[in-house]
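Please arrange chain B on chain A, whose structure you already have, making use of the hints.
The residues making up each chain are set out below.
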Amino acid sequence: MDIDLVKRAQRGDSEAFTSLAAALGDRFLAVSNRILGDIGLAEDATQQALLNIWRDLPNLRDPARFEAWSYRLLVRACYAEGHRGRLWAPNLRLLPVDEPMAADQTDSVIDRDQLDRAFRRLTLKHRLVLVLHHYLDLSPDEIADALDVPVGTIASRMHYALRAMRLAIDADAAPTPKEVAR
Amino acid sequence: MSTENDVARSLGSWLKENRHEDANRVLDVVFDQIPATPQRRAGWLARRFFEMNRFARFATVAFAVLAIAIVGFALARGTNVGSPTSTAVPTPTPPLLNTVPVGDLAAGTYQIDAVFPVRLSFTVPTGFNHGRGAADDVGIDYNGSGTARGLEFQVASNVYPDPCHTSSGPASPPIGPGVDDLVTAMTNLVGFQSGPVTNVTIGGFPAKAFDLTNNIDVSTCDRQGIQPLVFSGTSVATSIIPGARQRIYVMNVSGTRLMIMTFYFQAGDATAEAEAAASLKEIVESIEIL
Chain A
1 MDIDLVKRAQ RGDSEAFTSL AAALGDRFLA VSNRILGDIG LAEDATQQAL
51 LNIWRDLPNL RDPARFEAWS YRLLVRACYA EGHRGRLWAP NLRLLPVDEP
101 MAADQTDSVI DRDQLDRAFR RLTLKHRLVL VLHHYLDLSP DEIADALDVP
151 VGTIASRMHY ALRAMRLAID ADAAPTPKEV AR
Chain B
183 MSTENDVARS LGSWLKENRH EDANRVLDVV FDQIPATPQR RAGWLARRFF
233 EMNRFARFAT VAFAVLAIAI VGFALARGTN VGSPTSTAVP TPTPPLLNTV
283 PVGDLAAGTY QIDAVFPVRL SFTVPTGFNH GRGAADDVGI DYNGSGTARG
333 LEFQVASNVY PDPCHTSSGP ASPPIGPGVD DLVTAMTNLV GFQSGPVTNV
383 TIGGFPAKAF DLTNNIDVST CDRQGIQPLV FSGTSVATSI IPGARQRIYV
433 MNVSGTRLMI MTFYFQAGDA TAEAEAAASL KEIVESIEIL
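If you read the sequences in order, they're chains A and B. Residue numbering for the first sequence is 1 to 182, as defined by my numbering. Residue numbering for the second sequence is 183 to 472, as defined by my numbering.
In case anyone wonders, no lab produced these hints; they're calculated from the structure. Treat the hints with caution; some may be incorrect.
[To be verified] Calculated cross-link-like contacts (lysine to aspartate or glutamate; reagent style EDC-like; alpha-carbon spacing at most 16 Å): (1) B/198 to A/26; (2) B/198 to A/111; (3) B/463 to B/334; (4) B/463 to B/393; (5) B/198 to A/116; (6) B/198 to A/137; (7) A/7 to A/67; (8) A/7 to A/62; (9) A/7 to A/56.
Extracted from the complex, chain A is given alone in its bound form (with noise of 0.2 Å):
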């Protein structure tokens, strides 16, 4: 990121921030797609956490820290977007447990559908780190700094993110009772 950008957009230079959102738009609403996992909840997270970067960016000390900085708003956005989604979004979570037996219990590699309802079924911390560090590839101590948490607490998130992920993967290729008496 260009450290002159930022310092010219802490001064107020809107031409300088729109470069700089435009730089971080895409990736942004990539994230909050990931881990709101609805595209309508991911462009208003993107576009809150963008208006909040340029609200807040005169009060950024460190100009070099900017892209961890700019991840904890994006962050904080998708929690208030996630916990607004839900009261009208509840089946984002709650899928049913029995779903049918997946074609080759044997095969290691875990089709999209698979996981695509395992992710869902995740709390959104867990969700959060796993998109922090499975897709945009930041090490668990740039995670703990851009969240502004213990690096323990993000090892424990993403043991138990992954833990739950597993599970709700094998309790979705088990057979159902009805599978099972066939």
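Showing chain B alone in chain A's frame:
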């Protein structure tokens, strides 16, 4: 069945699939709103405070403390004007739930449902979260402030004697079915340091308790994970996080060998670690076998 490594690998590829997100529409809205969105400037109060001389700073602080004391004193006395003095409302007793729900757990008492072979209840404070349980592994973890921590109820059938190098296989012959068999195996895991085994009582049942720590460099492990336990049910593996401090309890509940694993992370702060350990101990002490 999948392992956590399978999930991590597949998840990375799936998340990186191109989903054709285009932020142009969002950016148009943002750019339209910028002229009407004033920036927040850094607080003048903080700067002015440090620019003051020492006497002025002292006077400011003294005035603030005095003002808070006066207001606090007035509130504590109560005015008795206009409305009756408020009385403390007792916190309602948390309900005993049928199952451990998925997601953030409100403070209260929870019961593990029939999927798990041992029926038990336990009480958690706020800040804990539950994913999904399996027939042999149910866990809660802590998302609140302070040191990360968690607790798992597990029914393991065997162990990997070298949990970092699981390709060398599980114990062969498998460990015996008794409490002592599992305790002996767990206190002799390669790369772990164990504390003394003590006798305790959990929910009225005798149990063995001991501490485990490890400083394993996970990057040297076969599958980038530390996996001490083998399950015979639906759980394939459970990972231990490097550097975690574990307190483990093993007990026999009507023929089922139950292991309760509590853990927290080394925070480098003795007070925070003691708080985490105490809160986990409190949960264990609340366990009732149903």
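Right, here's what the structure says about each hint:
{"no.": "1", "hint": "B/198 to A/26", "verdict": "holds, 13 Å"}
{"no.": "2", "hint": "B/198 to A/111", "verdict": "holds, 14 Å"}
{"no.": "3", "hint": "B/463 to B/334", "verdict": "holds, 13 Å"}
{"no.": "4", "hint": "B/463 to B/393", "verdict": "holds, 12 Å"}
{"no.": "5", "hint": "B/198 to A/116", "verdict": "holds, 13 Å"}
{"no.": "6", "hint": "B/198 to A/137", "verdict": "holds, 10 Å"}
{"no.": "7", "hint": "A/7 to A/67", "verdict": "holds, 13 Å"}
{"no.": "8", "hint": "A/7 to A/62", "verdict": "holds, 9 Å"}
{"no.": "9", "hint": "A/7 to A/56", "verdict": "holds, 13 Å"}
Violation of the numbered hints given earlier is absent; every hint is satisfied by the structure.
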